[in-house]
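Taking the hints into account, I'd like the entire structure generated from these sequences.
By our numbering, the letter at position 540 of the sequence shown is numbered 540, and the numbering carries on one by one without gaps.
These are calculated hints, taken from the structure and not from any lab test.
Incorrect hints may have been included.
Simulated pairs of lysine-lysine, BS3-like, Cα-Cα distance not exceeding 30 Å [what the hints assert, rightly or not]: (1) K225 <-> K111; (2) K493 <-> K430; (3) K204 <-> K242; (4) K205 <-> K166; (5) K225 <-> K207; (6) K82 <-> K6; (7) K521 <-> K629; (8) K493 <-> K521; (9) K502 <-> K593; (10) K225 <-> K163; (11) K521 <-> K411; (12) K161 <-> K111; (13) K82 <-> K430; (14) K661 <-> K430; (15) K166 <-> K2; (16) K646 <-> K579; (17) K205 <-> K161.
Computed beta-carbon distance windows for the label pairs [claimed, not checked]: (18) H56 <-> S5: 44 to 50 Å; (19) V305 <-> A397: 36 to 42 Å; (20) F173 <-> V606: 25 to 31 Å; (21) H226 <-> N421: 40 to 46 Å.
Keep in mind the model is a prediction, meaning the values are calculated, not measured.
Quick reminder that beta carbons are idealized off the backbone N, C-alpha and C, glycines included.
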Amino acid sequence: MKVQSKIFVFLFVILTSFLLGVVHVKWIYSITFHADAAAMQVLAQAIYESRSILPHDFYYGNQLILLRSEVPIALAMAMGFKGYAAFVIGSALGISIWTVILFTSLYCVFKKFLAAAFYTFCLLFPVSIGFDNDLILGQQSHLANVVLSLSILIFFTLSVKEKNIKYIIPAIFFIFIMVVEEPIRAAFVLATIIVVCFFFWDCKKYKTQLFFVFVFVFFAFMLNKHILHYYSLGRDISSEVKLVSFSSFLDNLSNIFNDYLSNITSLNYLVDVPFLNLGVISYVFNFAYVVIFSGYIFVSLIDVVKNIFMRRIGNDVLFWHVLKASAFIGLCITTLAICLLNPDSSRHALWALFVIKLCFLMDLVRFVRNRFLLGSNLSFLVVLTFVCLSSTWFCVATLSSSPINNNVYKKHNSDLRISLNDLSKRYNVKNVFGNDFWHILPLNVIIPELSYGELRMSNMGYFLPMQWLSRPSYFNISPTQNVFYLVNRDDDKDGQLVDHIKWNNGVLLDHVDGTDIWMAKPIWPIFNAEFGNYTWNGCQLPTQIGTRSSDCTITKNVKNSEGYLSFGPYQILPNGNYKFEVRIFSDSADTQKIGNFDVVLNNGVVLLSETIVGSNGKYTTLSGDFTIKGGSDKNRSVEIRVFVTKNHNASLQAVKIEKIKNI
1 MKVQSKIFVF
11 LFVILTSFLL
21 GVVHVKWIYS
31 ITFHADAAAM
41 QVLAQAIYES
51 RSILPHDFYY
61 GNQLILLRSE
71 VPIALAMAMG
81 FKGYAAFVIG
91 SALGISIWTV
101 ILFTSLYCVF
111 KKFLAAAFYT
121 FCLLFPVSIG
131 FDNDLILGQQ
141 SHLANVVLSL
151 SILIFFTLSV
161 KEKNIKYIIP
171 AIFFIFIMVV
181 EEPIRAAFVL
191 ATIIVVCFFF
201 WDCKKYKTQL
211 FFVFVFVFFA
221 FMLNKHILHY
231 YSLGRDISSE
241 VKLVSFSSFL
251 DNLSNIFNDY
261 LSNITSLNYL
271 VDVPFLNLGV
281 ISYVFNFAYV
291 VIFSGYIFVS
301 LIDVVKNIFM
311 RRIGNDVLFW
321 HVLKASAFIG
331 LCITTLAICL
341 LNPDSSRHAL
351 WALFVIKLCF
361 LMDLVRFVRN
371 RFLLGSNLSF
381 LVVLTFVCLS
391 STWFCVATLS
401 SSPINNNVYK
411 KHNSDLRISL
421 NDLSKRYNVK
431 NVFGNDFWHI
441 LPLNVIIPEL
451 SYGELRMSNM
461 GYFLPMQWLS
471 RPSYFNISPT
481 QNVFYLVNRD
491 DDKDGQLVDH
501 IKWNNGVLLD
511 HVDGTDIWMA
521 KPIWPIFNAE
531 FGNYTWNGCQ
541 LPTQIGTRSS
551 DCTITKNVKN
561 SEGYLSFGPY
571 QILPNGNYKF
581 EVRIFSDSAD
591 TQKIGNFDVV
601 LNNGVVLLSE
611 TIVGSNGKYT
621 TLSGDFTIKG
631 GSDKNRSVEI
641 RVFVTKNHNA
651 SLQAVKIEKI
661 KNI
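Right, dumping it as C-alpha cells:
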C-alpha cells in the first residue's frame with residue numbers, strides 16, 4: 001500500500017475513534033458519570049495550571065496516574081474548553097490515542113487494514129456498563145492497561161515466533177511505561193509471559209527477548225520508586241499484600257465472579273422496560289452476547305488447560321493459539337492474585353478479558369464464515385451487526401427520554417448550579433465542601449466555576465480533608481475565610497457535619513434540589529506555609545483518665561488516678577513558629593502543682609515542658625511557644641499532652657495551635 005493510502009487509513013482511524021469517543025462520553029457515559037471520572041478532570045486542572053504531567057498539587061490514590069485521560073483533558077482545557085465539554089473532548093482525544101496504538105498492534109499481525117480496523121472497533125465498542133462503558137471508555141482507568149497488555153503480548157509473541165528482535169522494541173517500551181505507572185498491573189502481564197515461554201518454547205528461542213524485558217522492567221521499577229519518593233500515595237497496595245485462609249479465598253473468588261457478571265452486561269439499563277418495546281430487541285441481543293461470551297470463556301479455558309497438561313503444544317504452535325493461551329493463563333494468574341490483593345472487584349483482570357474478547361471475535365467471524373459459507377467481508381459485517389445490536393449504545397437508544405436526560409446535564413442546568421453561582425458572587429466564596437466523595441467531586445466538572453473537595457470525619461472527632469483524588473490547594477485557605485458546605489441528609493445521617501458547621505457559626509443560605517447550602521469558616525485544621533490556626537475541643541482530643549460532658553469538656557475527679565487528661569491532636573505542622581493555648585480549670589490553689597504539660601513531636605523530641613498549677617476554681621489559659629524546623633512530615637506531627645497528678649481535679653475545654661511566623 002502506498003504511503004498516501006496508509007496516511008489516509010490512519011487519519012480515518014483517528015477521526016472515527018475521536019467521533020466514537022465524543023458520542024460515547026457526551027451521550028452515553030454521561031448517564032453514569034461519577035466521582036472517579038471527575039477526579040481525572042481535577043488532576044487535569046492541576047496539570048494545566050502547573051504545566052507538569054505529575055503535579056504535586058494532587059492527592060494520588062493507590063498508584064501514580066500517567067496514562068489515563070488527564071493529559072488529554074488538560075490539553076482540551078488549553079484549547080479553551082471548560083466543564084463537561086473539556087471532559088468530553090479530552091476523553092475523546094485519549095480514546096483516539098489508544099485506538100491508534102491498538103490498531104497499529106493488530107495491523108502488525110493481520111497485515112490487512114480492514115481486519116485490523118474491524119477488530120479494533122469491535123474491541124472498543126461498548127457492550128457492558130461496568131467494563132466497556134465506564135472503566136475503558138468512560139473514566140479510562142483501564143483503557144491504557146488493556147491496550148498495552150494486548151500489544152505487549154502481540155509483539156513479544158511475534159518476536160519469538162518470527163525470530164525478529166525488532167518486535168521486542170515496542171513490547172519493552174509498553175511494559176516500561178506500565179511499570180512506571182503501576183508495577184502490579186505490569187506484573188500480571190510479565191508473569192503471563194514467563195509461564196507462556198515455559199510451556200510453549202525452548203529457552204533458546206526467548207531468552208534474549210526475556211532478558212531485555214527483565215532489564216527494562218527493573219529500570220522502570222526503580223524509576224517508579226524514585227518518583228514515589230516525591231509523590232505519596234493515599235494507599236499503597238503493595239504494602240497490604242498478605243496471605244488469606246482458604247475459606248476467605250473461596251469467598252473472594254465468589255465475589256469476583258459475581259462482580260464480573262454484574263459488569264459484563266448492559267441489561268441494567270433495561271430494567272422495567274415494557275415487553276412490547278424496542279428495548280426487548282436490545283435485551284435479547286445483549287443477553288445472548290453475555291451468555292455466548294461467558295460460555296466461550298468457560299469452554300476455551302477447559303480446552304487450553306487440557307492442551308497444556310496433555311502436552312498438545314510445541315514449538316510450532318500457531319501465533320493465535322499462543323495468544324489465546326496467554327489470555328487464559330493471564331486470566332488465571334490475575335484472578336488468583338486479586339483474590340489475595342484486592343477482592344472487591346474483577347476489574348484488575350479486565351486486560352485478560354480484553355485479549356479473550358479478541359480471540360472470541362476472531363472465532364465468531366470464523367464460525368460465521370464456515371457455517372454460512374460467507375466471504376470475509378460479509379462475515380465481518382454480520383459480526384459487526386451482532387456487536388452493535390448487543391451494545392450499550394443500542395440499549396440507551398431504546399430508552400425513554402428520562403434516563404437519557406441524564407444527571408450531568410440535569411445538574412449542569414439545575415437550581416443548585418444557579419444558587420451556588422449567585423451565592424458565590426454575593427459572598428465572594430470560591431470553595432465548596434461536602435462529606436460524600438460520590439456527590440461532591442463530580443461538581444468539579446458539572447459546575448466548574450467553583451472548587452469542590454471532600455471532608456471526612458477522623459477518628460479524633462473532627463473533619464479532615466480527604467486525601468484521595470483531590471487537590472491540597474482546595475483546602476489550603478485562610479482559617480478566617482468563608483466557604484460553602486453542601487449537606488445532603490443521606491450523606492449526613494448522624495448530623496455531624498451540620499453540628500461542626502454550627503459550632504463555627506455557620507449560616508444556612510439556601511435549600512435546593514434536596515441539598516442545604518451552608519456558609520461558615522473552615523471546620524478542619526488549616527496549617528500551611530502562609531497561615532494556620534485551629535481549636536480542638538474536648539470531644540476532638542483523646543483522654544486517658546477523664547470523662548467527657550455534653551459540652552465536650554474533659555473532666556478528672558479528685559479520686560481518679562493520675563494520667564493524661566488529654567493528648568493529641570497529632571497535627572502535622574509546616575516549618576514555622578507557633579503558639580498554643582490550653583483552657584483548663586482546677587479547684588486547687590495556684591500555689592499547688594497539679595501536673596505538667598509538654599509539646600512533643602512524633603519522633604519523641606520534646607519541644608516544651610512546663611508545670612501546671614491550680615487555678616483557684618476558675619478557668620485559666622496555659623500557653624507557650626514552640627518552633628518546627630526541618631524533618632519529614634512524619635516527624636512534624638505535634639502532640640500537646642496535659643498530665644494531671646492524683647488528689648487533684650481538673651477540667652479541659654480546648655487546645656488551640658496558631659502559627660505566628662514563617663521560617
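Hint by hint, here is what the structure shows:
no. : hint                      : in the structure
1   : K225 <-> K111             : violated (39 Å)
2   : K493 <-> K430             : holds (26 Å)
3   : K204 <-> K242             : violated (36 Å)
4   : K205 <-> K166             : holds (14 Å)
5   : K225 <-> K207             : holds (27 Å)
6   : K82 <-> K6                : violated (35 Å)
7   : K521 <-> K629             : holds (28 Å)
8   : K493 <-> K521             : holds (22 Å)
9   : K502 <-> K593             : violated (37 Å)
10  : K225 <-> K163             : violated (34 Å)
11  : K521 <-> K411             : holds (26 Å)
12  : K161 <-> K111             : holds (16 Å)
13  : K82 <-> K430              : holds (17 Å)
14  : K661 <-> K430             : holds (27 Å)
15  : K166 <-> K2               : holds (23 Å)
16  : K646 <-> K579             : holds (28 Å)
17  : K205 <-> K161             : holds (8 Å)
18  : H56 <-> S5: 44 to 50 Å    : holds (46 Å)
19  : V305 <-> A397: 36 to 42 Å : holds (40 Å)
20  : F173 <-> V606: 25 to 31 Å : violated (53 Å)
21  : H226 <-> N421: 40 to 46 Å : holds (43 Å)
Taken one by one, the earlier hints fail for this structure at numbers 1, 3, 6, 9, 10, 20, listed in ascending order.
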